[in-house]
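Please model the entire structure based on the sequences and the hints provided.
Going down the list, the protein sequences come from chains S and U. Residue numbering for the first sequence follows my numbering, starting at 375 and increasing by one per position. Residue numbering for the second sequence follows my numbering, starting at 375 and increasing by one per position.
A few of these clues could be false.
A pair holds if it fits inside one copy or across any two, identical chains being indistinguishable in the list.
Below are the DSS-like pairs computed for lysine-lysine, each with C-alpha atoms no more than 30 Å apart in a straight line [what the hints assert, rightly or not]:
{"id": "1", "residue 1": "Lys451", "residue 2": "Lys408"}
{"id": "2", "residue 1": "Lys470", "residue 2": "Lys451"}
{"id": "3", "residue 1": "Lys470", "residue 2": "Lys408"}
{"id": "4", "residue 1": "Lys562", "residue 2": "Lys470"}
Hints are computed from structural coordinates only; laboratory data are not their basis.
2 protein chains.
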Amino acid sequence: MRELLLLALPGIPEIVPGSDLAETLIAAIGRAGKTLQAGDVIVVAQKVISKVEGRQCRLSDVQPSPRALDLAEKVDKDPRLVELILRESRDVVRFKPGVLIVEHRLGFVTAGAGIDQSNVPGGEDIVLLLPEDPDASARRLRHGMYDMCGVEVGVVINDSFGRAWRNGVIGCAIGVAGMPALIDMRGKPDREGRPLRVTQIAAADELAAAASLVMGQAAEGSPAVLARGFPYAGQTGAAADLVRPRAEDLFR
Amino acid sequence: MRELLLLALPGIPEIVPGSDLAETLIAAIGRAGKTLQAGDVIVVAQKVISKVEGRQCRLSDVQPSPRALDLAEKVDKDPRLVELILRESRDVVRFKPGVLIVEHRLGFVTAGAGIDQSNVPGGEDIVLLLPEDPDASARRLRHGMYDMCGVEVGVVINDSFGRAWRNGVIGCAIGVAGMPALIDMRGKPDREGRPLRVTQIAAADELAAAASLVMGQAAEGSPAVLARGFPYAGQTGAAADLVRPRAEDLFR
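What follows is the structure in structure tokens.
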């Protein structure tokens with residue numbers, strides 16, 4: 375009987391650059407009365423990873439380029455923030471007043487290059503960029519946890535992304551380690567024995583969304599979730615697998 | 375401590391037009407050793423709802439229009455299937471060989487209008503359309519379960535949708551009852567006391583994705599999931615809330 379349990383980890387302290395995240399998470403799992411098992415997945419909010427990796431920037435240190443000044447006027451945003459968004463991006467995908475959707479240098483199409491101003495201590499001047507290489511961050515955390523407790527876990531780093539066509543944000547995987555991101559169903563039979571129409575399942579995104587529900591967004595939330603029962607443990611992948619190449623994408 | 379449990383319901387028999395779905399699900403919950411509690415959410419695959427509602431069509435009964443014949447050649451699909459896709463849709467959004475993305479009459483932007491050929495008994499000739507009004511289907515199921523066991527549950531009907539920019543499909547909510555679909559966070563403080571940047575969370579989509587992970591797609595899967603611990607129980611909404619109006623959408 376397939377069962378998936380998602381547990382928000384309690385009492386995670388404020389994370390600062392250089393915090394030992396593996397140790398912090400293992401302590402929180404202990405506080406939740408659980409012991410890590412092989413096949414468990416730890417889902418961690420992007421914000422936590424960015425903080426550990428010192429990805430804070432001060433807006434007051436940023437000198438906007440002429441391009442940023444021009445675009446900032448069109449989207450009605452702080453030109454220094456727009457400058458950071460452009461530096462973090464390969465391309466501007468769409469914009470209108472209040473909205474600036476870009477292709478992040480990692481390939482994610484997202485509003486404002488995933489740069490975050492909420493839940494960052496230090497006031498309005500501090501913003502938080504996405505991790506430099508979130509798949510590598512996920513692998514480091516996975517290895518750190520293995521070194522501390524000898525258990526092979528999967529790791530997902532999630533962030534809230536908007537979507538085309540649908541209202542609201544959902545959790546998406548921006549870093550994955552020790553588990554698959556995309557599941558290939560080609561050739562698998564359906565209940566009638568015919569090959570399945572759906573060929574690839576974005577399983578890491580489905581798990582990222584599930585964890586986001588449990589994390590919450592507000593003050594009472596938790597930025598880390600223990601997931602037990604992820605049904606595709608054992609294979610490996612990366613969040614990069616989830617990025618549709620621009621040439622194959624009908625919406626860029 | 376926030377905790378979400380997702381349990382694939384075992385032993386759901388083949389569903390036929392007119393099956394008593396509330397009874398079938400309550401029996402499956404019993405087989406899983408659980409008793410329904412207020413605030414539980416039942417997530418049911420679209421396919422099951424479409425079957426109960428007799429949304430099967432025979433391709434051999436369909437006469438393709440000239441428009442369908444022309445488009446079928448461009449997308450390299452059966453003209454009778456393309457005819458059904460066009461009848462189910464308001465607009466063709468994008469197409470290329472092998473891909474036909476439309477705006478379904480319910481507003482969902484989806485490949486092939488959500489018409490399904492897998493897991494449908496009766497061979498290649500039978501296809502399954504989306505329910506006529508999945509929010510109404512969800513409400514009916516919720517009322518049916520209340521009538522049988524006196525417990526107020528939430529209901530989500532999910533389907534696998536592709537996305538712009540990202541590979542793979544994920545579960546999305548196409549019908550919702552007895553729970554919110556979108557959560558408005560405007561004005562809520564973050565951990566630092568500042569207003570949250572993210573203003574709307576597509577919570578029903580996050581739950582639909584979580585349930586999809588547990589359902590699986592292949593022969594060994596289950597088309598219904600019991601979700602316990604959905605954190606926003608008590609409010610109400612509809613899957614229609616998740617559809618971004620065309621005028622506000624930058625990608626149509």
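Right, here's what the structure says about each hint:
no., hint, result
1, Lys451 to Lys408, "neither (44 Å within a copy, 51 Å between copies)"
2, Lys470 to Lys451, "within (11 Å within a copy, 37 Å between copies)"
3, Lys470 to Lys408, "neither (47 Å within a copy, 49 Å between copies)"
4, Lys562 to Lys470, "between (43 Å within a copy, 25 Å between copies)"
Of the numbered hints listed earlier, those contradicted by the structure are 1, 3.
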